[in-house]
Amino acid sequence: AIHMRGRGVRSVRSGRAGDLICRIVVETPVQLTREQRELLEQFDASMCAMTMPRGTRRARIRSSMASSRSGRG
Numbered sequence: 001a002i003h004m005r006g007r008g009v010r011s012v013r014s015g016r017a018g019d020l021i022c023r024i025v026v027e028t029p030v031q032l033t034r035e036q037r038e039l040l041e042q043f044d045a046s047m048c049a050m051t052m053p054r055g056t057r058r059a060r061i062r063s064s065m066a067s068s069r070s071g072r073g
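Under full-length UniProt numbering, the very last position in the sequence shown is 73; numbers go up by exactly one each time.
Derived from the structure by calculation, the hints contain no laboratory data. All values derive from a computational prediction rather than experimental measurement. All clues given are correct.
Distance windows between CB atoms, simulated:
1. 38 with 63: 15 to 21 Å
2. 4 with 43: 26 to 32 Å
3. 13 with 41: 48 to 54 Å
4. 15 with 36: 45 to 51 Å
5. 2 with 28: 17 to 23 Å
The beta-carbon is built from N, C-alpha and C at its ideal position, and this holds for glycine as well.
Let the sequences and hints guide you as you build the complete structure.
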């Protein structure tokens with residue numbers, strides 16, 4: 001969940017904005033064809049450079065996924 005202070009609905013009494021709490025659900029397809037998997041990996045590679053620097057959570061997740069695919073996870 002993402003908690004954003006002061007971004008929610010305004011109070012009728014005080015006029016102050018409340019907090020906005022966003023719950024994010026990410027669903028990743030499980031059964032992909034080889035072509036779909038390759039396209040998804042290409043998309044991930046193109047987005048990785050724009051969204052998060054190396055050595056962050058994304059890198060840990062990617063290495064975890066790679067080791068689980070190879071049977072080491």
